Amino acid sequence: MTTPIIEMRGIMKRFGAVQALNNVNFRLMPGEILGLVGDNSAGKSTLMKVMTGAYQRDAGEVLVNGEETHFRSPHESRDRGIEMIYQDFALCGNMDVGQNIFLGRWPKRFGLFVDRPKMYEEARQVLGRLKVDVNSVFQKVESLSGGRQQSVAIARAISFEPKVIIFDEPTANLSVMATERLLETMAELKRQGVAQVIISHRLTDIFEVGDRIMVLKRGENVGDRYIAHTSEKEVLELIVSGTPDTALTADEALRQAA
Amino acid sequence: MAIAATAGRPETPRSPQHLPMQLVGGWEAGLLAFMALLYLVGVLLNPTFFGSTDAISAVLRDTARYGVMAVGMTFVIVNRDLDLSVGSTLGLTAVAFSIFFSPTHYGLDAVPAALLCLGLGLAIGLVNGVLVAILRVPPFIATLTMLFIGRGLVLGLTGGKTIGFDLKAQGYWLFAMGETNALGFNNQILIFLVFAVVGALVLAKTRVGYETYAVGGNEQAAQYAGIATKAVRIRGFMISSFCAAVAGLMNVTQDKGVTSQYGQGAELIVIAAVIVGGAAIAGGRGRVIGACLGAALVVLIDKVLREGIPVTRTITVGGVEMEVQALAQLPPGAVPAFLGLILLAAVLIEPWVVRGNVFGRLKAWLTGSEPPPSLDPGGAAIVGVKTFGTASDARSVGARGLRAFLHRRDAAAIVLVIALWLVGMWLRPDFWGSLNNSFNLLLAFSEVALLSLGLTYVIANGDIDLSVGSVLALSGAVAAYVMKEMGGDPLLAISLALAAGALCGAVNGWLTTRFNLPSFVATLGMFYIARGLAAWIVSGRQLSGFPERFNLIGRNLYEVLSYFGMPPQTGLWLEVTRAVSVQTLFLLLVAIVAGIVLGATPFGQKVYATGGNERAASYAGIDTKRVRFLSLVFSGLCAAAAGVIYVAFYRSFNPSAGQLRELDAIASVIIGGGSIFGGYGTIIGSLAGAAVITLIRSLLSLQVILANGASFVLPQHWMNVFIGLILLIAVIGDIWFRQNNVFGEWRRRRQLAAAEKLRLHQGSKGA
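Chains A and B are the protein sequences, given in the same order. Numbering of the first sequence is given in the working numbering, commencing with residue 1 and proceeding in unit increments. Numbering of the second sequence is given in the working numbering, commencing with residue 1 and proceeding in unit increments.
The hints are simulated quantities; they were obtained by calculation from the structure and are not laboratory data. One thing to keep in mind: the hints can contain errors.
With the Cβ distance kept under 7 Å, some of the chain B side facing chain A (calculated, not the full set) [what the hints assert, rightly or not]:
| hint | residue |
| --- | --- |
| 1 | Asn436 |
| 2 | Pro518 |
| 3 | Tyr608 |
| 4 | Gly612 |
| 5 | Gly679 |
Derived DEER-like restraints, expressed as beta-carbon distance ranges [claimed, not checked]:
| hint | chain 1 | residue 1 | chain 2 | residue 2 | range |
| --- | --- | --- | --- | --- | --- |
| 6 | A | Phe160 | B | Asn440 | 47 to 57 Å |
| 7 | B | Val415 | A | Leu112 | 28 to 38 Å |
| 8 | A | Asp58 | B | Gln223 | 36 to 46 Å |
| 9 | A | Ala172 | B | Asn440 | 51 to 61 Å |
| 10 | A | Glu232 | B | Ala228 | 40 to 50 Å |
| 11 | B | Thr601 | A | Phe160 | 16 to 26 Å |
| 12 | A | Phe160 | B | Gly599 | 22 to 32 Å |
| 13 | B | Asn516 | A | Phe138 | 29 to 39 Å |
| 14 | A | Asp251 | B | Thr367 | 35 to 45 Å |
| 15 | B | Leu561 | A | Leu112 | 29 to 39 Å |
| 16 | B | Thr601 | A | Ser241 | 51 to 61 Å |
| 17 | B | Phe515 | A | Asp58 | 50 to 60 Å |
| 18 | B | Gln220 | A | Glu232 | 32 to 42 Å |
| 19 | B | Gln220 | A | Leu63 | 34 to 44 Å |
Predicted, not measured: the structure shown is a model, and the values here were computed from it. From the three backbone atoms N, C-alpha and C, an ideal C-beta is built for every residue, glycine too.
With the sequences and hints as input, model every part of the structure.
Written as C-alpha cells, this is what we have:
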C-alpha cells in the first residue's frame, strides 16, 4: 500500500470549554479527491486549519509523506506543498490578475524592481495550465465575477506546484455554470496528480468529482466511504445520525458491505 | 461545538444589577475616585484657585457644556461613528445666535434666534449624517471636513472679530440660562442634568437606544433585522449636533457675546470624555452616565493643566535681582498635547484592559489560580472577509492612447490641473503667467506636495494620517528651538527635526499596528499631541532669526547662488534660477524616489496588496504590519521635511504652522486617484492633486479685475470653507464615480431599457 500524502492521527483541539476536535483521524492519498462533509461546527475547517498550521493541535500527529510535521503557520505547510483556497479567495481586488497570482513573491529584476514582463508571462502560463477563461492578466480582480476570481485563486495556488489543495466551501459563492467549470478544473488537477480536499455542504458536487468522502460530527469521525460504493442517502444519514461506531475506514466499510 | 459548551459548569444568569450598584461597582466608580484624587492634586498645586468654592462651580459649569455635548457624542460613538465637528458646531451656532440677536446685525428676539440656532444644529447633524450614512464618506473625513468648514464659516461670518451684546441681553429671560441662580449654582448645570437624565434613559431604556447599540454592534445584522440603520446613524449625528448647538447657546448666554475662538478643540475634550467614560471606539459599547463622568474628569484635567502653579521666580532686571510672583503655566496651545494623550490612553483601555481581562489575569496570577481563557489571537487565516465592489477602471483593459489615459484613476487630476491653470490665465492674463506667480505657485505647491507624498503611501495602505499638519509644526518647532535657544548648528537642527517627525510617525505606526488602533484614532491623538508639543517647545511664541545658511533651504536658486558668490547674470538661466527654489528641487527628488519605490518595486506592490486586502496579503507572506508601520514613518518624515522648509522659507516659526495642511494633503491624494478605503493612489496622481489644490487656493485669492475696472478678492476667511468642500467633493466623487461607477451603471441601465423597448417595439410589430 502506498504512503498517504497526508495522514493525521488522534488530533485533539480545544477552544476554551469547547472540544472542537476529538481524536480525529484523517488520510489523503496522492492524486485523490476527498470530500470532507459534516454539519456546521462539525470541525471540518478546524481540522484543515490544524493541518495547515493555522491552528496548533493539542495532541495527535500530522504526517506528510510519512514524516511527522509541526507546522507553525500556513506558510510552513505551503513549503511542503499544501495549499488552501479560502472561501473568499484571499485576493487583492485592487490589483490585477498577474499581480495577484504572484502576490507577495513578485519576480524581481536587478534585485530591486518588479519584473513585470516576466510576471505577466508566467501568469499567462499558469492560467493556460488550468484551462480557464480569464480574459487578460491585466484585469483588476475586483472586476471579475466570482467564478473567475476563484480561477485566479486556484491559479495562484497551483503556481506553487502544490501536491495538495484544500478547497474551503468552493461552490458556496458560485453560479451553476461556474460550479461546472470548477469541477472540470478539479478533474484536470487530478489528472496532473494533485490531491484535493473539498470542504463542502453540497454533496452533489462531491459525488460528481470525488473519490472518497469523510464525515465529521461534533468533532469526531463518524464515517468514511468510497464514492463509488455509497449513496448520497447513506452519507446524509451519517451526517445527521452518525456515531463514532459507524466511523469505519472506507476499506472496512467496503469489506463489511461485501 | 454546542455540545461541548454544555459540558462546562452551568451558568446561572446573574440578576440585573440596580443602577446605584452599577455606579459603585463599575467603571464609573473608578472615574469618581480618580476625579476626587485629581481635585486633591489641584488643591495641592494651586490652593488659591482649587481651594475655593468658585473653583468647584467653575469646573461644574464648564463640565455642563462639555457634558451636554458628550451626551450627544455617546450616541454617535455607540453607533460606531465619530463626530469631529461638535466644536465648530458649537462655535457656529454661537456665532449664528449672536448675528441673529445682536442689535448691530439682525436684531431678532432672543427666542427666535435661539430656535434658529437649534435648527442650524440639527441641519449640520443632518449634513454629517447624510454624508456618512448615505454617501458613505468615512465619518472621520466627513466630520473633520465639517469641522474646518464650520471654523471657516465662523471666521468668515465674524471677520475674526468679537460680537458683544451685553446691554440688549439684560432685557431677555433666555440669558438666565448662563447665569448663577438663586440656589447658588449655575443654571447650565441644570440643563446638563436634564440632558444627562434624558440621554441616559433614551439610550438605555428605549428602542432608540437599543437600535443604536444594534447598529454599532453589527450594522449588517441590524439591517437584516429590519432596523433602518442609515436613519439611526443620521439620527445619532443630529442628536450630537443638536447637543453642540445647545452647548453653544449655553456658552453665548453666559458670555453675552462671541469670539471666533468659541469651541476650538472642544471635539477633543468631548470625544476623550466619552471614551474615558467607557465607550468603545469600535462601537456598540458606551453609556451616558460614563460619558458625563468622563466629561467632568477631562474638564478637570484640562483645568488643572491650564491653571498652573504659583511660583516665585527670581529675575534680573538691569543688574538688580528681583523676586516676582508668577504662575508656572503651560504655554497657550500646549494643553491639547495632554488631552490627546488621554484620548489615546482611553481608546486603548477598552480593547486591551477590559476585553483582554487584565484585572482578571492579574488576580489569577496573584492568587496562583488558573488564568481566564485568553482570546484567540486571530492569525492570518481567521480574520473576517473584506470584499470590494466592482470598480470602473477594468474598462481600461485593452484601451489605447487617450482612452487608456482617461481610464487612469489620476486622469481627472491631470486634466483639472491644466484646466485650472487656463482659468487663471483667462482671469488675469497679465499676472498669471508671470515668473513671480509661477514661483509662488511652485512654492505653495511644494509644501502640500511633500505632505501628500507620504500620505499616498499611508492611504494606499488603507490607513490615514491626520497628524501631518501638526507634525510639520512640531518639527518646525524643534528646528527653530535647537537653533534659537540651544545655539545648535543648522545640520543638527535639521537632523533633530527629522528625527522628531520620524518618531511621531513611529508612534502612529506603533499604535496602529501593534495595538490595532484604527489609524484615524491614533493619528487624531497625534494631531493634538504634536501641535501641543510644538506650542510648548516654543512657549507659544514666534521664533525667528536663524542662521542665513539654514534659511537657504527655503530660498530660490538665485539667492543660493548669490550666497555662494556666483549669481547668474542673464538669460534663461537667470529666469530659471529665480523660479526654482531649493524646496522644489528637494520635492522633485523625494517624489522621484517615492514614485519609483511605489510604482516599480516589490515594496510598492506590498503597499497596494496591504491596502487592497490585508488578510490576503498577510496570507501571501507579506508582513503587512511592517509595511503599514514604514508608510506611517515615511509620512512623518515627509511632514518633518516640510516643517524644516517652512521655517527656512519664512525665516521664522509660528506655532500655527501647517494648520489645515492635513486637509490639503488628504484632498490631494484623493483627487489624484487615491481611495480613502485603501489600495489605490499613485505619486504622479498625488502630485497632480496637490497642484489642483494649490491652483484652487491661488485662484481663490486672485484679485480679479472686473469689466467695469473694479477689482474683487475673495476674503481669506472663506478659503477654508472652499477647501473643505473640495475635499468632500473629491471623496464623494471617488466613492461614487471611480469605485461604484454610478455613471457607467446609469448608462448600462439606459442601454438595457432602450434594448427592452426596441424588443417590445419589434415584438408588437411582429404581432
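Going through the hints against the structure:
Hint status for Asn436 (chain B): violated, given a least beta-carbon distance of 41 Å to chain A, over 7 Å. With its C-beta approaching chain A no nearer than about 20 Å, Pro518 (chain B) sits outside the 7 Å limit, and its interface hint is violated. At about 6 Å, the closest approach between the beta carbon of Tyr608 (chain B) and any beta carbon in chain A falls short of 7 Å, and the interface hint on this residue holds. A least Cβ separation of about 3 Å between Gly612 (chain B) and chain A falls short of the 7 Å threshold, and the interface hint therefore holds.
The interface hint given for Gly679 (chain B) is met, as the beta carbon of that residue sits about 3 Å from the closest beta carbon of chain A, less than 7 Å. Phe160 (chain A) and Asn440 (chain B) have their C-beta atoms about 56 Å apart, which keeps the hinted 47 to 57 Å range intact. Taking the beta carbon of each, Val415 (chain B) and Leu112 (chain A) are about 33 Å apart, inside 28 to 38 Å as hinted. For the pair Asp58 (chain A) and Gln223 (chain B), the beta carbons lie near 39 Å from each other, so the given range of 36 to 46 Å is met.
The beta-carbon spacing between Ala172 (chain A) and Asn440 (chain B), approximately 59 Å, falls within the hinted interval of 51 to 61 Å. The hint said 40 to 50 Å for the Cβ distance between Glu232 (chain A) and Ala228 (chain B), and at roughly 43 Å that hint holds. For Thr601 (chain B) and Phe160 (chain A), the Cβ-Cβ distance of about 23 Å falls inside the hinted range of 16 to 26 Å, so the restraint holds. A beta carbon spacing of about 27 Å between Phe160 (chain A) and Gly599 (chain B) agrees with the range 22 to 32 Å that was offered as a hint.
Hint check: Asn516 (chain B) to Phe138 (chain A), Cβ distance near 35 Å, so the stated range 29 to 39 Å holds. Here the CB-CB span from Asp251 (chain A) to Thr367 (chain B) is close to 53 Å, at odds with the stated 35 to 45 Å. For Leu561 (chain B) and Leu112 (chain A), the Cβ-Cβ distance of about 35 Å falls inside the hinted range of 29 to 39 Å, so the restraint holds. For the hinted restraint 51 to 61 Å between Thr601 (chain B) and Ser241 (chain A), the CB-CB distance of approximately 58 Å keeps it satisfied.
The beta-carbon spacing between Phe515 (chain B) and Asp58 (chain A), approximately 29 Å, falls outside the hinted interval of 50 to 60 Å. Checked against the hint of 32 to 42 Å, the C-beta distance between Gln220 (chain B) and Glu232 (chain A) comes to roughly 34 Å, which is consistent with it. At roughly 42 Å, the beta carbons of Gln220 (chain B) and Leu63 (chain A) sit within the given window of 34 to 44 Å.
Hint compliance for this structure: hints 1, 2, 14, 17 are broken, all remaining hints hold.
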